[in-house]
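4 protein chains.
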Amino acid sequence: MRVGVLTGGGDCPGLNAVIRGLVRKGVQEYGYEFVGYRDGWRGPLEGDTVPLDIPAVRGILPRGGTILGSSRTNPLKEADGVRRIKENLAKHEVDALVTIGGEDTLGVAARLCDEYGISCVGVPKTIDNDLSATDYTFGFDTAVGIATEAIDRLHTTAESHMRVLVVEVMGRHAGWIALHSGLAGGANVILIPEQRFDVDQVCAWVTSRFKASYAPIVVIAEGAMPKDGEAVLKDGTLDSFGHVRLSGVGEWLAKEIESRTGKEARTTVLGHVQRGGTPSAFDRWLATRFGLHAIDAVRDGDFGKMVALQGTDIVRVPIAEATAKLKTVDPKLYEEVGVFFG
Amino acid sequence: MRVGVLTGGGDCPGLNAVIRGLVRKGVQEYGYEFVGYRDGWRGPLEGDTVPLDIPAVRGILPRGGTILGSSRTNPLKEADGVRRIKENLAKHEVDALVTIGGEDTLGVAARLCDEYGISCVGVPKTIDNDLSATDYTFGFDTAVGIATEAIDRLHTTAESHMRVLVVEVMGRHAGWIALHSGLAGGANVILIPEQRFDVDQVCAWVTSRFKASYAPIVVIAEGAMPKDGEAVLKDGTLDSFGHVRLSGVGEWLAKEIESRTGKEARTTVLGHVQRGGTPSAFDRWLATRFGLHAIDAVRDGDFGKMVALQGTDIVRVPIAEATAKLKTVDPKLYEEVGVFFG
Amino acid sequence: MRVGVLTGGGDCPGLNAVIRGLVRKGVQEYGYEFVGYRDGWRGPLEGDTVPLDIPAVRGILPRGGTILGSSRTNPLKEADGVRRIKENLAKHEVDALVTIGGEDTLGVAARLCDEYGISCVGVPKTIDNDLSATDYTFGFDTAVGIATEAIDRLHTTAESHMRVLVVEVMGRHAGWIALHSGLAGGANVILIPEQRFDVDQVCAWVTSRFKASYAPIVVIAEGAMPKDGEAVLKDGTLDSFGHVRLSGVGEWLAKEIESRTGKEARTTVLGHVQRGGTPSAFDRWLATRFGLHAIDAVRDGDFGKMVALQGTDIVRVPIAEATAKLKTVDPKLYEEVGVFFG
Amino acid sequence: MRVGVLTGGGDCPGLNAVIRGLVRKGVQEYGYEFVGYRDGWRGPLEGDTVPLDIPAVRGILPRGGTILGSSRTNPLKEADGVRRIKENLAKHEVDALVTIGGEDTLGVAARLCDEYGISCVGVPKTIDNDLSATDYTFGFDTAVGIATEAIDRLHTTAESHMRVLVVEVMGRHAGWIALHSGLAGGANVILIPEQRFDVDQVCAWVTSRFKASYAPIVVIAEGAMPKDGEAVLKDGTLDSFGHVRLSGVGEWLAKEIESRTGKEARTTVLGHVQRGGTPSAFDRWLATRFGLHAIDAVRDGDFGKMVALQGTDIVRVPIAEATAKLKTVDPKLYEEVGVFFG
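So the protein sequences, as listed, match chains W, P, A and Y. For the first sequence, numbering that gives the first Met the number 0 gives the first residue as 0, with consecutive numbering after it. For the second sequence, numbering that gives the first Met the number 0 gives the first residue as 0, with consecutive numbering after it. For the third sequence, numbering that gives the first Met the number 0 gives the first residue as 0, with consecutive numbering after it. For the fourth sequence, numbering that gives the first Met the number 0 gives the first residue as 0, with consecutive numbering after it.
For reference, chain W alone in the conformation it holds in the complex (with noise of 0.2 Å):
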């Protein structure tokens, strides 16, 4: 048996966990050879391969990034792309591929299993954790603990000069960085896409705030938007989902803050930070489980088939399905946090 495995999308720390994974038990437990395709989908439909075995693997688990490379190449888009990669294939003797990506990658693996017979398994991997089918998502851990770290320090940067503190954190189309990061790092105002805000409400929050003596921290996802529609209008885009997004409105809420409130407002936005190095703990134990039962998935010939989180156990659920349904924050859970808004 031999196995292909590609990396697609934007990167995420523990895709090189997965991989590791995948090979050490492959090849020590059921003698299966690899072959890595380089840069996501773009390897299978050029052709361009690296050599993966255990010597290969060794010393990645702590790395970020992915040894394999990425792409956000679609095969489907391309002219014969279906056949170019059935072709390529078949001239490396692949039997079974296992896919590591997010909704765009695993959508063209659930196609190519499902309609075109090639003999796919995913891996799931967004650090938005926007996933349905899974608890967690690896990387996700780790953006977070990134993202609470700094807020924790601007804590102190905020106090100091009693300022607001708008910090603009990853999440396009769901809230769970925010949410996750503005708890643990103590914010007082948590804004994501799920719920448009309401920039007087915002306001509200920071003075009662000051009034408390202390100095407010508003943690943004890039992806929230306020409930003003004329401000959407003028600086909004449409994204590649269709859904209007203003660039940069962490900036633009602290100038709103600092117009309405009269007090100073400075903006951090965390950017690729949060995505790169190494991975927490929690993301590594998570990714190396995802490869170990990946490649079970492949012994078992399950394929059309994406390992998931659930509870503490991996389980395997159909890609189509997983991949259907953005995961986005529950109003009961955003309700829940808000507790300790303002």
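Derived by calculation from the structure, the hints in this document are not laboratory data. Please read all numbers here as calculations on a predicted model, not as lab measurements. Fair warning: there could be bad hints in the mix.
As the list makes no split between identical chains, a pair holds if one copy fits it or if it spans any two.
Said to hold, decoys possible - Here are the computed lysine to aspartate or glutamate pairs in the EDC-like style, where the Cα-Cα straight-line distance is at most 16 Å:
1) Lys331 x Asp295
2) Lys90 x Glu45
3) Lys324 x Asp134
4) Lys210 x Glu263
5) Lys326 x Asp312
6) Lys331 x Glu28
7) Lys331 x Asp312
8) Lys76 x Asp103
9) Lys326 x Asp134
10) Lys226 x Asp199
Assemble the complex: chain W is given as a structure, and chains P, A and Y must be docked to it using the hints.
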């Protein structure tokens, strides 16, 4: 409504987050008053209280330890213990008691509630993660993170000198910390209390690692035991569970490895560092939610219950059941991780 | 003897360590009393004080920010400023004033001491490390550590996507943070305010890095400027030093690199995260020793002096001289580091 | 010109940064070739080499340990050692040798250079910071940072249980790590090898700390010794310097404190964790600059010299002098820090 709060047993990162969650929601949403009891069960036993209101819980979220102090006092072993507790609760006009603690502390709460009619709600606390009713307990993720970072560091020193490094981590009766940190840290051998280890097998793994030109890291839980009974009889002691324990098992194993393989071996005992300091973002999230849900249980009059994590939900389970059985490492999970040994 | 203490200007990890050092030694060894002034020069100007004794400084060593608060109030620009300060010092029976701050704060202290006879001792504080009389200032090491960790993380994301990552760090007039964190983080280009950069040269380094199959990291100080004058004239502004500055120079450079090399480029602006949170061990050591030596200067009646680090010794230098000249990066040192560019 | 490089003695974060600095500048600026010798003096003694060029040093800056390996082999104690080294250097066409190491390694380099005409340049390496010719050695800042973070964590566990926590850190003959981490961590007692301690005085400090309602942290260097001679005679051993040492002095002291004060005491021995893992930004900066300046010394033909830090400058000093005298903690500095005891 006046609610008493106490923290018992060993300290654990996240205790303050629980207390803050209880008080913030209790005061703001339900208009409750709080009484902090000092040093676990000693507080209600001796009537020793501290003020507990919103100012008292400001800024404590990122702090380790417990602002209430802790102890191992067991009021059921004190003359007249129950009567004295009842008197003090009455004197302080306390209607319900939130008890945050491990098996011992919660066991007392269960009996006080079930047998003596004191209204108790439990919040589980064990850094060892060995409580069967909950997927995780807070503090565990922090401990695993600290141990993993230490193992990361030890790799380089092992490689530079081609030595064996034995790392002893917490875990008297359950190997969760060893298993998670050992996997996350890329250890070559992980030894847990649930399965007696064979020193010759350990030496075989160590030797095979050297053959691949790498230096081995052995992670061992403090409660792990060799199969070899004689060593145990000579050096072991009986702990409070009536289990035989080998004091300093890491040091003992390092010496055995040296004498059997001829390779230099060094031991690091992580000790109390694992349970102190600021909680991880995961633990702050979990502990805060435990606090929020525990006060909801008080409001619902749902006494004799303990909050627990199942998947991503916080649920309530009977305290008595929850503490009846130790959650140990499933042999299948240990076998799953075993692919990385050697 | 009663000693007033104030902290002025931007916050900086280590301020609390200085305050603790002053108070512990002043009270215990010399029997002094202390008066804390709130928010920099605003405190003595308006007579706004906080109690400052041994209990007040307990536990503040690891905390960022300043328990005294800070501001940029300049009493020399206030009507009657000097008279009001003198009156308040007399009213509070303050015999000497320890002023902890940067150029502005210490410049005021120098004039109040030299021209108006107020007994001042200075402690230098600038996160940018740009004071000529001292080898290092506290807060700088913490900022460099935070920036280095961020660069470490960005490497993996750059490699995974073969993108250019531009990291903008603090440093308006001196490139110390960029130079140290860029070197420590293994950046491929480091741009500092002291030397105008040539965008084509930067692009050549970026391109050569890609040729070696690695993705480049460009570290740029916020005050760095391109040689190309037109861009500056169009987008730049004059700062308080009368220097032309290009707001958002990191973002600007990323766009230039994209358009000239055809490679994707992303920007991360570290911002306030660099100056908040717990100080590094180095900064705690340095700041504490500054505090201990500043109170010795008070005891010696050695006013108009500032404590400074030379090698491993703490010495005293005249405040006026110490703040007269900015310590910028020596061209030779920049050239030394340049061996790692490209 | 061909340059040999070796690293000897205990590992130390920053060794790889030195090697990278040497090679990058040597190859790029001077066109040199390099020969890596494996495992300290064993390499040139046995002719055991590894390739050392620019690809070999890519990515090693943030990694602890040494890519060259290390050992304590002393060629002057080997039969024919000098002749064999000379033969191997000739065979590999090595013109100069850069030796990175502590007292022992550099002592050999000094003699080989001065007595046998081998062209050596030294780079000092001691995690204990106990070399008199340089303000700091790399690795020390990393060790202090790790120890400080551990002490930070132990505070909360000490407070929660009102226990004494004794932390044993590295430092056999010099107390620098204990002094810096103890001060930075807010320890209440710091004990160093330079000054025998009085257990009763330690107990008095411990007791006074409890009276202020805080729990004490005692930081002790592994080489610290009590005044009480009898204990020493019973448990102590002679180390390689001929000094009496008390093995496990932290554990010993904890027991003494328990029996004399009646308070619970616990010990944490930080051990090898202090010397492994990624170097701090400070150490990467210092080590890199040592590498850059050492290769300049080779180019200048300035043999028998060692690079050293004086203030912010890298200078050259004769190896023989530099290693002749241990840099111990000045009693005045210890007294300065003593204001925080108790």
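Taking the hints in turn, this is what the structure says about them:
no., hint, verdict
1, Lys331 x Asp295, "between (37 Å within a copy, 14 Å between copies)"
2, Lys90 x Glu45, "within (12 Å within a copy, 48 Å between copies)"
3, Lys324 x Asp134, "within (14 Å within a copy, 25 Å between copies)"
4, Lys210 x Glu263, "within (15 Å within a copy, 43 Å between copies)"
5, Lys326 x Asp312, "between (19 Å within a copy, 15 Å between copies)"
6, Lys331 x Glu28, "between (45 Å within a copy, 15 Å between copies)"
7, Lys331 x Asp312, "between (25 Å within a copy, 12 Å between copies)"
8, Lys76 x Asp103, "within (12 Å within a copy, 60 Å between copies)"
9, Lys326 x Asp134, "within (10 Å within a copy, 21 Å between copies)"
10, Lys226 x Asp199, "within (10 Å within a copy, 44 Å between copies)"
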